[in-house]
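Here's the letter readout for the chains.
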Amino acid sequence: MNKSVMIVGVGGQGTLLASRILGAVLLKKGYNVKLSEVHGMSQRGGSVVTYVKYGDEIASPIIEKGEADIILAFEQLEAARWLEYMKPDGKVIVNTQKIDPMSVVIGDAVYPDGVIDAIKAAGADVLELDALPVAVEAGSPKAVNVVLIGAMAKHTGIEKETWLEAVRECVPAKFLDLNIKAFELGYNI
Amino acid sequence: MKKLLLGNEAVAAGLYEAGVKVVSSYPGTPSTEVTEFAAKYDEIYCEWAPNEKVAMEVAFGAAVAGARAFCAQKHVGLNVAADPLFTASYTGVNAGMVILVADDPGMHSSQNEQDSRHYAQASKIMMLEPSDSDECLKFIKLAFELSERFDTPVILRETTRIAHSRSLAETGERVEPDNKEYTKNPQKYVMAPANAKVKHIVVEQRILDQTAFAEKEAVEIGLNKVEYYSKKIGVITAGVCYDYAKEALGDKASYLKLGCLYPLPVQLIKDFAAQCETVYVIEELDDYIETHCLKNGINVRGKADFTLIGEYSQSLIAKVVLGEEKPTIKADIDIPVRPPVLCAGCPHRGLFYALKKAGVETVTGDIGCYTLGASKPIGMIDTCLCMGASVSSLHGRNKANPEKANKTVAVIGDSTFIHSGVTGLINIAYNKSNSVSIILDNSITGMTGHQQNPTTGYTIKGDPTSAVSLEKLAVAVGIPESNIFVCDPYNLTDSEQAVRKALDCDGPAVVISRRPCALLKYVKHNPPLSVDKEKCVGCKMCMRIGCPAISIKDGKAQIDSTQCLGCDVCSQLCKPGAIG
Ligand SMILES: Cc1ncc(C[n+]2csc(CCOP(=O)(O)OP(=O)(O)O)c2C)c(N)n1
Ligand code: SF4
Ligand code: SF4
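Taken in sequence, the protein lines are chains A and B.
If you count the first sequence from 1, position 107 lands on 107 in the numbering used here, and the numbers rise without skipping.
Just add 1000 to wherever you are in the second sequence, counting from 1, and you've got the numbering used here.
To be clear, the hints were calculated from the coordinates, so they are not data collected in a lab.
All values derive from a computational prediction rather than experimental measurement.
Don't take every hint at face value.
[To be verified] Simulated DEER-style distance windows between Cβ atoms: (1) B:P1527 to A:K98: 19 to 27 Å; (2) B:P1528 to A:K98: 15 to 23 Å; (3) B:A1374 to A:K3: 38 to 46 Å; (4) A:L176 to B:G1222: 40 to 48 Å; (5) A:G139 to B:V1475: 23 to 31 Å; (6) A:K3 to B:S1469: 53 to 61 Å; (7) A:L176 to B:Q1267: 57 to 65 Å; (8) B:A1374 to A:D117: 52 to 60 Å; (9) B:T1291 to A:G139: 57 to 65 Å; (10) B:Q1497 to A:K3: 55 to 63 Å; (11) A:K3 to B:G1310: 57 to 65 Å.
Each residue gets a CB set at the ideal place from its N, CA and C atoms; glycine is no exception.
With the hints as extra help, turn the sequences into a complete structure.
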C-alpha cells in the first residue's frame, strides 16, 4: 500500500528539513520513496508544501486532492488551506501556531476564527499541539520543525530509534543535541 | 549505489560520472541546484557566469577545445542564450556539450510559462527529457555520448517537478575521458555564410540520422519506451506526465514514453497508435507532440480534452480519461492567500520607503527579491518584464514622457544589473537620457537562493576573487561621477536624500543602495526590537513597510522576536518613539 504525507507551512519554518528527515526514515525502512519540494519564490514567507510518498512503487511525485494519509501542518491556516488534499479519513497533525499573512497584517483580510474547529467540523481526525513553546523548551524556537516530526513519528508505526538515526543524519552536528531534545519532546507529547 | 537524490542533484552526479570538466551557468529556479551540486566535485571546474549567453559560450569553448562541457538555465535563460544555441547547432562540437533547460509549468517561480521544446525544434538540436532522478542521471550521461556521436550539442529538458523531486538514483564511478584533440577547421567552426551554407545541409542530414536513432536504437536502450497493458487506451507522453499518467491509469492503458523529444519518431508512434483504441497525447504546456502526430496523420486526442495552461497531475488525467474524481473534505472558512514577502530585515524595504518619501511616482522594476516590492503595502513597482528591462525601459519611458523623468526611476538588483542591466545603462549614458537607475546592491543573487555573482567578490566555490565596482562601472559607461550616490537602505533619511539628489541631477544618475541581504550567514544582526505598549498609539505607521515581524494585537503594534533582525527601519517611522 502506498502512503502519502504532506508537510505544509510557511516559507522559512523549516518544512524542508522535516521532509528530509522523513525521507531518510522511509529509506531506512526499505520503502521506495518520492519527495517533491518547493524551492525558490515561496520560500520567502509564502505558503509552502512538500509531498512525501512511499510504498512499493511510486509513480507521481506529487499529492493531489483527496490523496494524503497525513497532513503535517506547521501552521493552522495552512492546515485548512491544504485540507482538501487529504483523504476524508486521513489525519491532520497541526501546530496551533498562527502566522498572519501580509494581507491580514495590513488589514486587507482577516485571519479567520475557529480554524481548527472548522477542520474538525469537516470530519477530519485532528491532533493539535502547540509546538513553539516546546521548541523553546528544547532550546530554540527554530526547532519547531523537529518537534513536529517527533509528534508525527509516534503515529507512523516506525520505531523511534530509526527516527533518531535519521535526525542525526539530517541535522548539522552543531545543532544535534538541540534537535534530539526537540524530537524527544515532540514524540512524548 | 542507490541514493535518494533531488533531480538536479542526480544531474550533477551524472556530470561527474560522465567526466565533465567544465560547467558554466547562470542561476534560475528550477535549474540552480544542478550547478551548485556540480561545484561540490573537485574534479569539475564550475562557475557562475554573468548571464546565460556567456555561460553557454563558455561551455561551447570548452567543448570545442576538447573537454566535455555543460551549462544550465531556466526556460527564460534559454531566451538569453538563444543566439549561441542556434549556431552551435551548425558548428557542432568536439567533445560533448550538454545544455540543461528547466521549464516551470504552473509558474512556481517564473514570469512566463514558455515551452522550451520549441527551442529544440527551432534550433534543430536533439533534446532528451527524464521522468525521475534515476533518468536524470542516466540521460545526462547518454546526452554526452549522443552529443559526440552526432556532433551536436544536446539539450536535457527538465520541468520543476523533476528538478525538485527526490527519488532513488543509481550512482557510479567517474570515467574521465582524455581531452579530444582540437584541430583547426574553419569550415566547421567559422560560421560565415559560405561555411554555414554547407553546414545547414549537414544539420538536416543529422536530423534524419537522429530520427532513425529515435525510431529504433532509442527503443532498444530504453530511451523511448513502449509498455503494453490494456490497449483500450493508449498514452503518448514524456517527462513527469508519464509519472502522472502511470499513477492515474496504471494497467488500464498502454504507454509510449518518449525520452527523446527532438527529433520525434514517426513510425514508432504510428505503430503504437495502431495498437490502441483511443490514443491520448498527455503533455504539459504546448501541443508539441500532438502537433507532430497530427502532422503525420496519426489520430490522437490532446489539448481539446486537456489544457495548455498550468501543471498536469494524476487527478487531471483520471478525470479527463476515466471521468473519476476522489472525494475530498473542506474547511468551511475563508482562507486568506499567503503570497511570498520580503524577509524581515530585508534591505530592499527601506529603499522602497525612501522612494515613496522622495515623491517617486513610477518605478520600472526588474526580477529578483525586490519584485516583491510590487505587492501591498509597499506597492512601489509598476513593471516587471525580464532581466535588465527596468533600466532599458526606463530610458524609453523617459524619452516618451520627459516631463515625468524626475518622478520615475528603475530598480534593479546587483546580479540582474550585471546580467543585462549594464547594457541598458550604457544606452542611457550614450543616448543622453535623463534617467535615474537604482542598483539594489545586496551583495548576492537573493531570489534564486543566494548565489555569488561578479559583484560579491567570491566564486561559486567560495574562493575570494575580484569584484566589479558598481561605482567605477557606472563612471566607465559615462555616468558623471557627481551623479552617482551611495546610500544605506537601513537609513531612511540618507536613502531619501540620495534619491532626491539623483532625481535633481542634470543628465543620467545612479543610486547604489548598499546593504547585504539579511539572510547571509556573515551578516551580524542587532538584537530584536520591541514595542513599548505604553507609548504605542496604534497609528500603524510602522506597518507601512510590510515587515512580516510586525503585526497589530489589540490595537497596538507587536514585534515577533523570532523573526525581527533589529534592522531599525520600523523604529524610524514611529513618531512616538515606541519601538526600541
Ligand atoms: C533570464 C533569466 N535568468 C534567470 C532568472 C532567474 N532569476 C530571477 S531573479 C534572479 C536574480 C536576482 O538577483 P538580484 O538581481 O541580485 O536580486 P535579489 O534577488 O538579490 O534581490 C534570477 C537569477 C530569470 N528570471 N531570468
Ligand atoms: S533573501 Fe535577502 S534580499 Fe531576498 S527578501 Fe530576504 S533579505 Fe531580502
Ligand atoms: S527592526 Fe522592525 S522592520 Fe526591522 S526586522 Fe525588526 S520588526 Fe522588522
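Tested hints:
no.	hint	in the structure
1	B:P1527 to A:K98: 19 to 27 Å	holds (24 Å)
2	B:P1528 to A:K98: 15 to 23 Å	holds (19 Å)
3	B:A1374 to A:K3: 38 to 46 Å	holds (40 Å)
4	A:L176 to B:G1222: 40 to 48 Å	holds (42 Å)
5	A:G139 to B:V1475: 23 to 31 Å	violated (51 Å)
6	A:K3 to B:S1469: 53 to 61 Å	holds (55 Å)
7	A:L176 to B:Q1267: 57 to 65 Å	holds (59 Å)
8	B:A1374 to A:D117: 52 to 60 Å	violated (36 Å)
9	B:T1291 to A:G139: 57 to 65 Å	holds (59 Å)
10	B:Q1497 to A:K3: 55 to 63 Å	holds (60 Å)
11	A:K3 to B:G1310: 57 to 65 Å	violated (27 Å)
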